[in-house]
Amino acid sequence: MSVIRSPLGRARGMGASKHGVGHFIAQRVTAIALVLLVIWGLAAGLSLAHGDYESAAEWLRSPINAGLASLLALAAFWHMQLGMRTIIEDYFAKAATKGALLVLNVFVGWLGGALTIICILKVALSAATGVNT
Amino acid sequence: MADATPGLRPRPVSPNIQLDGGIWRWHLTMAASIFHRVSGMALYVGALIAMAWALALAAGPDAYAGFSALAGSIIGRIVLIGLTLAVFYHLCNGLRHLVWDAGYGFQPRTATNSAWLVIVVAILATVAFWAAILTTGAA
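The listed protein sequences correspond, in order, to chains A and Z. Just so you know, this note's numbering puts 82 at position 82 of the first sequence, and the rest follows in order with no gaps. Just so you know, this note's numbering puts 33 at position 33 of the second sequence, and the rest follows in order with no gaps.
Isolated chain Z, as found in the complex (with noise of 0.2 Å):
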């Protein structure tokens, strides 16, 4: 900005959203409530997917088969590993949501730790699942 004639104070202007410290930023609630979303999307897909391996069970051994051998690949593993955070991220935030609904937790600083904590539960979940599916049997 030019320097302001001595003696004027400095013209007022509106606050930047973004620039200089502004009035916008990522707050992790804001995140916590669009990954709320992202992962309900994902699971609409995620059903999709179950109802798949339903339909391979009644289509019998061979369709079922493939269907394990698929869901066993890389990219198989990967999706269903995806899907596995976005089933306990869902599955937690929902609970929280049920406690908002109830009325309680929505200081700014308890709606901080329950995300914090609803993120922790759902990484930690995630990988307690998968350890024990990947340690147990070979397949």
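Here chain A stands alone, though its shape is the one from the complex (with noise of 0.2 Å):
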């Protein structure tokens, strides 16, 4: 190692694990996608709320609606996950169940996203007519 690095530069470099932020990031990130996603998420749920099965699928078709959604279901487990978290770690003192909510919550979150994303996926590559009816 370079005898020119600081005390300071040499104490971070030896750091706890140096994802510290990790989450702080993550979470910040996620918000913003999440800010444009949930917009167009809601703007989606307006034009379907009446709708029957074939408009929902055949919107789903929609390369782009499909992606976009695969995203907000992505970015949303993800975020509700982070932010589960927090709120876990504040309210649970005792370590086992802390653990045990925070291995439940990161399953949840892990979950809830793949079958998310299979489902629209699912939908998205169906034939146009005929399959499900």
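Don't read these hints as lab results, they were simulated from the structure. From the three backbone atoms N, C-alpha and C, an ideal C-beta is built for every residue, glycine too. Heads up, a few of these hints could be off.
Output of the computed footprint for chain A on chain Z, the stretches with three or more beta carbons under 8 Å from beta carbons of chain A [as the list claims (entries may be wrong)]: (1) 43 to 51; (2) 59 to 71; (3) 95 to 107; (4) 123 to 134.
Quick one: dock chain against chain with the hints and give me the complex.
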């Protein structure tokens, strides 16, 4: 190691795991993404509110809609998992309870995100007519 | 409190946290912060409901009709209207947080005004959103 390194620089290099701000940054970046995606999603919900199965499926067969819906699911489940993590860490002091809830929270986040996106893709890639009717 | 002996100052007491206009009271900024967390927890459930919508859609027309009937019922409508309010509130207040992250808006008066703005916009947007849904189509 270079001797030019300052003591502070060396201390920084030996920090914990260097991921301390990862949660903070991920929460903000997903938040910015969600500002746009949620507004789009609300507009989509408005247009689909009175529709039947076929209109919703047809809507999802547009690659842009399927892509943005998948990104919305990804960002939303990621962001909510980060937020719920903070809540669990705030209110549960017991290590066993806190640990169990944190693991559960991660599972819910990944499972929810995966299932939602797979459903979106299944419909998006389905044939236009006559398959499910 | 018993009458103090004339000429004697009242004994010093620690300020009561709530009585006599004490040291603690609700602030709008505090309520806004608490509701940000509460609405976030509601949206956790809301995301799972959105997942149920996607599952129903992937399962086919019958499941989708079942989901639509549930969403269109009285209880479904109440839940969805509540979630809409949570979405708009969390969205607006999230923007408020992002402005804070950029280093602006920390003056107490500014923070109080922006909290009012967030609450008013969230309620108006929710009303407008559901007015749009309920006035278009008769489903």
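Verification of the hints:
{"no.": "1", "hint": "43 to 51", "in the structure": "holds (count 6)"}
{"no.": "2", "hint": "59 to 71", "in the structure": "holds (count 5)"}
{"no.": "3", "hint": "95 to 107", "in the structure": "holds (count 4)"}
{"no.": "4", "hint": "123 to 134", "in the structure": "holds (count 3)"}
The structure agrees with every numbered hint stated previously.
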